[in-house]
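> I would like the entire structure built from these sequences, with the hints used as guidance.
Per our numbering, numbering of the sequence shown is gapless, rising by one per residue and ending at 2234.
Honestly, the hints are just simulated from the structure, not real lab data. There may be inaccurate statements among the hints.
What the hints assert, rightly or not - Mimicking EDC-like on lysine to aspartate or glutamate, the simulated pairs with C-alpha atoms at most 20 Å apart in a straight line are: (1) Lys2226 to Glu2210; (2) Lys2028 to Glu2040; (3) Lys1800 to Glu1835; (4) Lys1702 to Glu1560; (5) Lys1920 to Glu2036; (6) Lys1527 to Glu1545; (7) Lys1920 to Glu1827; (8) Lys2058 to Asp1987; (9) Lys1644 to Glu1560; (10) Lys1702 to Glu1838; (11) Lys1644 to Glu1531; (12) Lys1920 to Glu2055; (13) Lys1793 to Glu1827; (14) Lys1702 to Glu1604.
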Amino acid sequence: MINRYKLAAAVKSAIGISALSFALAGCGSDGENGEDGNNGEIAVHINDVTAVKTQVELASYDEANSTLTIEFNFTNLNGVAVTGLEELTDPFRVSFGRMGTRAEAFLPYEITDSEGNSSTVDSRADGEREIWLSYRNKQKDTLVTGTDNWRPNRNCQEGLECLEYLGSGKYRITAPDIIDTKSLDYGYDATQVQGVYLMTYGAGANKVKHVESYYWEPTTEQSVSSPKLVLESQTCTSCHVGEDHIRHGNYGNTADGCLFCHTDYTQYSGAGTDEEGNEVNFTVDGSIKGLVHAIHTGATESDRRALGKFDTVIGNAAKNPVFGYKYDRTTQVDEEGNPLKPINYPAATANCESCHVQYTETAETLPENVTVHALDWFKDMDADSCQSCHGDYHYGGRTTTDDSGTAYIGCVDCHTSNDGNTRGGAFRHFAGHDKDSRESAKEAGKLIETSYSNIMWNTEVAELSFTVNLMMGEEVVSASYVPRLTIYANAVDAVKPDAFLASRASSTVTANDDGSFNVVVDATPAGYTLPALAKAIDNGADLALSASFSACFKNKASTLVELDSEGNCSGILSANAATTEFLKLDGTAGVERASAVNYDNCASCHNNDMVVRKGASHYRNADLHTCAQCHEAGDYNSMIVRVHGTFGKAHGREDVQSLVDTKTCTACHDNSDYSLENARSTPMRWNRKDETFSSPQAGVCASCHVSSSYDIGGGKDSAKSHIEGMGGVVAGTYTEAMLNSESCLTCHNAEKVAENHMLK
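What follows is the structure in structure tokens.
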């Protein structure tokens, strides 16, 4: 039956085709053959893409018709044209502006003196300072509150087509009457550099986003580079890892985007309640510099408030209401000292070099990727910047009156040099004004160098002794300046130095007459279920020595100050956890402990506090080896567990996730350093309990996947079963974890790890 049916169907098909051929042949010729048609466009619809990029080809402004035109290419990441944007409602937002002066964006205001006399402030001392001006402002009451983005549908006049598809992935935006500066009296100026910031704003089914800036000279209609860059971009992105902006998830993590919206003249209103219950109204500097300074200062930990005048000036709501009522977070912690509001800024706010260019005072010596405006902070060219932290303290709102009227001068009236009391912001925040030093008093401890000598090992009593010398240049840093010196001693295998081998040993430190310190280490303890240091040394291991101490400095200087008779510091205690030094018993260099992480990646964000915990600096200026002295050999969880966030939740904390997503391995690891081939040879610890050791490879995976902090890959129980099924130990004794037969690496090689974690 089946074969007969197939044959019948085949015959019918053949007859049908023959008849059709005969019919077509009967039609005869229709003359000459026509030309070939155009090839169809190779493109993908906006609803089918997950990532896009834009490239502006040209932008121009027709002053006669008051119209901005932008032409740009819109593709996926492979360069294939993306279509369908003109069908959407406002897939783009446009910011438009130009370079100008601070005077152009100034609004006169009234002041009242101590005698009740009022006058009008009608100019600024920094009026000629170059700033970015938005052509389209927002305003609330009397305050200009930033840029009002233009949108193709919302702002397009009826009957006009403001977003056109030109083919081959190219689009045109036409924005008539885009300029609206509200109460500010400036307009289009063809002599200045113009710029647009084009935002793809949650377009299509997958809500894709992208940002692109474009600048040009109207006289030549040629594109130019960004006309104002006061920071190197990596100073922000070293902490703000990833594409999502810390505040605006759709705007992209770019300095251009911040500047286009948060212009120099942006202000917001604020209010608070004082101790007597009275309402206090104030204005907030909404410029990008004002917000960044205030937010980072507001995340300051309590130890940094020990700096002179912080509590009395910066944190004083009466003198600085903006900070006191809006940004001060010292009371916003729980009983354990953990933040109730994000985020703890992992560096000192007075360390301006976290963001600003280093000691460069001429345009010729500036980095290539910043503009001359980066020099403004060496002399306070900006009358407002200081108030971001200091409020109106010390004549911050100062004005001057002459025949031409009343001008606002702020801090620039005095702080206009590089020397003495009139030095500008850069030098005001650092000690060592001969420019050999870049450290404020709180940071001056890192200027001290540590060295070790006279190393002796007494096998009979298992005692290690040596001399510690602390030097700042040619000056001996003795016990007269150091309240306490703590020494950590451990050992690494001289052949395979991938982990510390021993339990954390205890040491006794005494001061010598010559200013050095004598250290005696008891190498017998075998606490925390780890072997004793004596065993490692007797087996030929190299030493690992770390010093932790603070020294007393004069406030705002790098001058050492002696402790008083009771051992207290009258100035500023600046911490220094010296980097770990690896030595052999004869004093020569030993092998360095291997690490899966590039410490430069850590220090780019934690540039003066490695960790902040419960309001105290946690081994300032340490390196990874110093951290591991406790987190590998003591009663704390291992570094990998702590950083990944299984129990300790360092990077796993919710307020940190917005900066460094735990899945962003490359934020810390370079190349294949994250691979299991680099797993240590000794077990790692989960917490202080005895049976919480994991085998080396299992510990790497379990630090995230067997965790209450995350819901990854079907849950922690499933991950634990899988690891143990492959011979790994997730939580056992030190001996069990040491004698494991895990086989994770068989499947999870570096290539697979990269693929599954979407690493590039």
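> Taken at face value, is the distance from the CA of Glu1560 to the CA of Lys1702 at most 20 Å?
Distance of about 33 Å is beyond 20 Å: violated.
> Tell me if the straight-line CA distance from Lys1800 to Glu1835 falls inside 20 Å.
34 Å, violated
> Lys2058 and Asp1987 were given as a pair; does the straight-line alpha-carbon distance stay at or below 20 Å?
26 Å, violated
> For a C-alpha distance cap of 20 Å, please report whether Lys1702 and Glu1838 respect it.
Holds. Lys1702 to Glu1838 sits at ~16 Å (cutoff 20 Å).
> With a cut-off of 20 Å on the C-alpha distance, tell me whether Lys1702 and Glu1604 pass.
9 Å, holds
> For a C-alpha distance cap of 20 Å, please report whether Lys2226 and Glu2210 respect it.
Violated, at roughly 28 Å.
> What's the verdict on Lys1920 and Glu2055, does the C-alpha distance respect the 20 Å limit or exceed it?
Holds, at about 16 Å.
> Just to be careful, I want the Cα atoms of Lys1920 and Glu2036 compared with a cutoff of 20 Å; is the pair within it?
18 Å, holds
> Can the restraint linking Lys1920 and Glu1827 be considered satisfied, given a maximum Cα separation of 20 Å?
It holds: about 15 Å lies between the C-alpha atoms, which stays within 20 Å.
> Is the hinted pair Lys1644 and Glu1531 satisfied, with a Cα-Cα distance of at most 20 Å?
9 Å, holds
> Would the hint linking Lys1793 and Glu1827 be met if the CA-CA limit is 20 Å?
26 Å, violated
> Quickly compare the C-alpha distance for Lys2028 and Glu2040 to 20 Å and report which way the hint goes.
18 Å, holds
Checked against the numbered hints above, the structure breaks hints 1, 3, 4, 8, 13 and satisfies the rest.
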